[in-house]
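Q: Use these hints to put chain R onto chain E, whose structure you have.
Heads up: the protein sequence lines correspond to chains E and R, in order.
Residue 822 is where the first sequence starts when you use this note's numbering, and the numbers rise one by one after that.
Residue 822 is where the second sequence starts when you use this note's numbering, and the numbers rise one by one after that.
Incorrect hints may have been included.
No copy is singled out in the list; a pair is fine if it fits within one copy or between any two copies.
Lysine-lysine pairs mimicking DSBU-like chemistry, simulated, CA-CA at most 35 Å apart [as the list claims (entries may be wrong)]:
1) Lys1079 x Lys936
2) Lys873 x Lys1079
3) Lys1079 x Lys933
4) Lys1016 x Lys936
Rather than coming from a laboratory, the hints here were simulated on the basis of the structure.
There are 2 protein chains.
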Amino acid sequence: MRDLSNDRSLLAVNSATVKPWNLEQLIDGCVRAGIPAIAPWRDIVQAVGAGKAGNMIRAAGLTVTSYCRGGLFPAADEAGRRLALDDNRRAVDEAAAIGARNIILIAGGLPKGSKDLAGAHAQVRDGIAALLPHARAAGVPLAIEPLHPMYAADRACVNTLAHANDLCDQLGEGVGVAVDVYHVWWDPDLAAQIKRASSRILTYHVCDWLVPTRDMLLDRGMPGDGVIDLRSIRAMVEATGYSGHIDIEIFSAENWWKREPAEVLRICLERHRTVV
Amino acid sequence: MRDLSNDRSLLAVNSATVKPWNLEQLIDGCVRAGIPAIAPWRDIVQAVGAGKAGNMIRAAGLTVTSYCRGGLFPAADEAGRRLALDDNRRAVDEAAAIGARNIILIAGGLPKGSKDLAGAHAQVRDGIAALLPHARAAGVPLAIEPLHPMYAADRACVNTLAHANDLCDQLGEGVGVAVDVYHVWWDPDLAAQIKRASSRILTYHVCDWLVPTRDMLLDRGMPGDGVIDLRSIRAMVEATGYSGHIDIEIFSAENWWKREPAEVLRICLERHRTVV
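Bound-form chain E, shown alone:
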């Protein structure tokens, strides 16, 4: 395990953390702060176009840890599943254009009106399998991110690292996992599943679980403000040989999204150094 007195060389900032900023502002802000890597969401990349976005990012010398995000495979009918697959292929192309090291996939939830969880699981597996040839050809690994079980119905029905690992076993080369502490910290099987994931860990995300949590989606905490034992989970991840960036991703409508983004970056840097 590497020295935990972090310098900023491993810090990546997810664009969701500084949501008020567009891509240009994100790039400028990170360069000014000496932050070497970003993980942009599609909205800010599409706003300028993926080709131009890639040029801007390369010109600034920033690493793109992940592109956020594809997935959302289950749909009520074949036409819906085809639309999702087409959109995922475009997302992979965008990821390639900006030089992202991988693309994050979240599963998607139950199709509208459905209670068939096992069926949704199968649609996710089949959707990733269908996307995989395109992703392999583009050289963009697919990072399956299990989301917290509270999102199973409407956002993602892959909710444990065990399930994501099972999908990797089934799908083979070109598929890995994204470990986000917010989604997996509670899991009593976490240490074993991180060990099992091992070299499949494509990216590592941090934020914190606040007590109380006031909103199921938009009340994530800055690292250090909640109850997650960040150093322990990081040690598990790095014990597998993971030496990539650590991506701070915070959805926080009522707190961090209302602050001045440059100040948010300053606090990310400080927390990266002291508690991540």
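A: Below, chain R alone, put in the same frame as chain E:
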């Protein structure tokens, strides 16, 4: 599996579902509606005293499926853990006094200021072990109820049926599990863990997962109003040989708790017959 065109003989109503009612009203309401069983929370039992409560329930001829609830074992220091254990022993005595078939235990979350999840898990195991001799002597089985992972920090750090089954393996006779669909429906390992639990299933709770869910604690749905495949999960439970009651437990501050409780019971009866 038994015929699913339910008559009311298997329905139990949890007192949380008709929260405005006291024990006398709950008993009267269930007798009027022809509902044969109840699962009272401690507040309404303690309000009259457990001895008198038992007399009232027996006089009405009602079954007590479970007493809700004990647990909450982790604490920041030994004195706190001893207080919790003492309170649990009193809860077991109350359960015995009202003739409850078991007492529900929820684990409790992280002690204030702690990020040590593994330590909290150990405190839960040790707390149940310490309570067990008293519970065995009182003839009250302990039903460990895994709660949804969104409660891991502040309410219960046992969040999967696998974890509850592990605790049963470690603790032996006198300990079982409570399966509540709200907490476990999302789990890809559910079928296997229900099968593993088998005769350890002491009680079965239903409500529904609403989309959207507007509050993490108090926005549970009436069976049939959400996305949980109730009939499938019930079939898994009954395939183990479980033939006990089905307890409708709904926390719903903004909807069901605001309605006339007798009307809520009428709808519980209807949903029990049609969708549970």
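Q: Take the hints in turn and mark each one as holding or not.
A: Verification of the supplied hints:
1. Lys1079 x Lys936: between (37 Å within a copy, 27 Å between copies)
2. Lys873 x Lys1079: Result: close within a single copy only, 28 Å intra versus 55 Å inter.
3. Lys1079 x Lys933: Cα proximity of Lys1079 and Lys933: in one copy and across copies (33 Å, 28 Å).
4. Lys1016 x Lys936: Both ways: Lys1016 and Lys936 sit 33 Å apart in one copy and 21 Å across, limit 35 Å.
When each numbered hint is compared with the structure, no violation occurs for any of them.
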